[in-house]
Structures are given as C-alpha cells and as structure tokens.
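Using the sequences and the hints, build the whole thing.
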Amino acid sequence: MVTDRDDTLTESVARAVEALAGRSIAVLTGAGVSTDSGIPDYRGQGAPVRRPMTVDQFLGSDAARRRYWVGSHLGWNAFAAASPNAGHVALATLEERGIASGLITQNVDGLHVKAGSRRVVELHGTMRRVFCTRCGQVFDRRDLAERVEADNPWMTAPENIKLGPDGDVLPESTDGFRVPACSVCEGMLKPDVVFFGEYIPVEKFREAEQLVHSSEALIVAGSSLVVNSGIRLLERARRRRLPVVIINRGETRADARATVKIDAGTSEVLGMLADALPAR
278 MVTDRDDTLT ESVARAVEAL AGRSIAVLTG AGVSTDSGIP DYRGQGAPVR
328 RPMTVDQFLG SDAARRRYWV GSHLGWNAFA AASPNAGHVA LATLEERGIA
378 SGLITQNVDG LHVKAGSRRV VELHGTMRRV FCTRCGQVFD RRDLAERVEA
428 DNPWMTAPEN IKLGPDGDVL PESTDGFRVP ACSVCEGMLK PDVVFFGEYI
478 PVEKFREAEQ LVHSSEALIV AGSSLVVNSG IRLLERARRR RLPVVIINRG
528 ETRADARATV KIDAGTSEVL GMLADALPAR
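Per my numbering, the sequence shown starts with residue 278, numbered consecutively.
Where hints are given, some of them may not hold.
[Unchecked claim] Simulated pairs of lysine-lysine, DSS-like, Cα-Cα distance not exceeding 30 Å:
| hint | residue 1 | residue 2 |
| --- | --- | --- |
| 1 | K481 | K467 |
| 2 | K391 | K467 |
| 3 | K481 | K538 |
| 4 | K391 | K538 |
| 5 | K391 | K481 |
No wet-lab data here; the hints were simulated from the structure.
Here it is, written out as structure tokens:
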C-alpha cells in the first residue's frame with residue numbers, strides 16, 4: 278500500500294535528482310549515516326544525553342584518561358566489527374560512477390573507507406590510529422588493543438554492550454586499569470580524533486574546503502549541522518550558489534538554506550539517489 282509518506286519521499290527525491298543531475302557532487306556525512314550500522318549518534322531523535330570527554334579533561338587528568346581508555350577499549354571490538362550499511366555503499370557507488378567527487382565525514386568509524394569510498398576527508402580523525410603526544414609515533418589501534426588486553430587480562434567486555442557514538446562504553450569501574458603508554462618514549466597516547474573542545478587541523482579543513490570548491494553540488498547526509506565545521510562548509514557551497522540537498526531525520530540548523538530537505542533515513546534515500554542519478 279502506498280502511503281502519503283511514500284509519496285512525499287518520492288517527490289522529495291525526485292526534486293533532489295533534478296537539482297543534482299549532471300553535476301559533480303561533494304558529500305558531507307555525519308553520525309546519522311552510521312546508525313544503521315549499530316553506531317548511535319549524539320543528537321538524533323531518541324539519542325540518550327551524553328557528556329563526551331573534552332580534550333582538556335583528557336590531557337589534564339590521569340583519572341579522566343583512565344576512564345576514557347577503559348570505556349574505549351571495552352567498546353573497541355564491537356566498534357571495529359561494525360559493517361558499512363546501504364548508505365555507505367551507495368556513496369561508494371556514486372563515487373565509482375563519477376557522480377560524487379568525494380566525501381567529507383564527521384565520523385571516526387572508518388566505514389566509508391570499508392565501503393570502498395576512495396576520496397575521504399576524515400574531518401574529525403579516525404579511531405583506527407593512536408599517536409604519542411610526546412614523540413609523535415603513530416600506532417595501529419588493533420595493535421594497541423592487543424597490548425591493553427595483555428596488560429589488563431582481567432578485563433572482559435560486558436554482554437549486550439551499548440556503544441557510544443565514538444565506540445566507547447560507560448565503564449562501571451576503572452580500578453586497577455593500566456593505561457597504555459607509548460612503547461617508544463613512554464609518552465601519553467591519544468586517539469587520532471578531534472575531541473570536544475579541540476580544533477580541526479587547519480590542513481584537514483582546507484582539504485574539505487577544496488573538495489567543496491571543486492564540486493558543483495553538495496549533499497549533507499545524517500548531520501544536524503550543530504558542529505560549526507559543517508555549517509562553514511555548507512556556506513562555502515551556498516556562496517557559489519551550488520544546489521544543497523540535506524538528508525536527515527529531524528531538523529538541522531540549515532533546513533531553510535537547503536535547495537531540497539529530505540526528512541528520512543540516509544540509507545534509504547542515498548540508495549534511491551544512487552539508482553536515479555545518471556553516471557557522468
């Protein structure tokens with residue numbers, strides 16, 4: 278049975294196709310793209326209230342770092358095992374067919390890379406890497422997880438684990454946990470992600486700006502655009518009078534500025550766009 282919602286969605290997607298067809302498209306993605314892969318978002322409908330650790334807390338407190346590493350390690354296996362969903366695959370297909378010029382993601386889960394997207398600007402970094410704040414040595418997170426398990430063999434992940442947006446888990450206790458240190462200089466390790474209160478590296482934002490500048494349209498998928506970096510990129514597109522299509526469940530900060538706003542799930546809509554947009 279065809280419902281009013283189906284008709285509205287079909288009409289919205291048709292208007293998006295009309296705005297985007299024949300253009301090279303930059304894509305900006307947020308946490309809503311990964312919810313169908315089992316990774317929750319911070320601000321979506323029904324998302325629990327969370328208080329993410331700030332960079333000042335992480336860098337300034339031994340207790341905060343211990344709490345972070347316990348929760349991050351407990352959630353790591355489930356986070357790393359997450360698979361790309363239909364939305365990730367649709368975006369990789371759009372790039373393969375010459376429609377998407379590349380994508381910028383606010384996510385740190387690496388699922389766009391897993392799905393096969395090649396030009397990916399990871400605006401907020403990636404959980405796949407850890408680096409030493411003293412000597413700069415970079416480590417693969419999988420190798421670090423093995424070290425953490427060897428140093429803390431008593432730790433076991435709880436059943437029915439509830440992941441946070443960045444792959445963390447709220448730990449019940451941090452007593453006795455041995456915090457990992459740099460194996461080169463014993464310095465402080467930090468995940469290669471942008472913490473709350475931390476600035477995006479200038480060169481990374483410039484890379485994102487260049488992608489938008491070299492494209493002819495912008496899709497924003499799964500982001501409420503609360504983070505200023507997303508709004509700044511959208512404004513770069515608007516200044517050049519590029520079509521902007523926003524796909525997100527619920528309101529965003531830029532709904533009134535969109536050429537087309539589609540209030541629906543990203544997996545479904547991105548799949549529809551991948552089917553409808555002609556190859557370039």
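Going down the list of hints, with the structure as the test:
A threshold of 30 Å between alpha carbons decides the hint, and for K481 with K467 the separation of about 18 Å falls inside it, so the pair holds. Of the pairs offered as hints, the one joining K391 and K467 holds, with about 23 Å between alpha carbons and a cut-off of 30 Å not exceeded. Distance restraint check for K481 and K538: the Cα-Cα separation of roughly 27 Å lies within the 30 Å cut-off, and the hinted pair is therefore satisfied. Pair hint K391 plus K538 holds up; C-alpha atoms about 28 Å apart against a cutoff of 30 Å.
Between K391 and K481, the direct Cα distance comes to roughly 20 Å. Compliance with the 30 Å bound is thereby established for this hinted pair.
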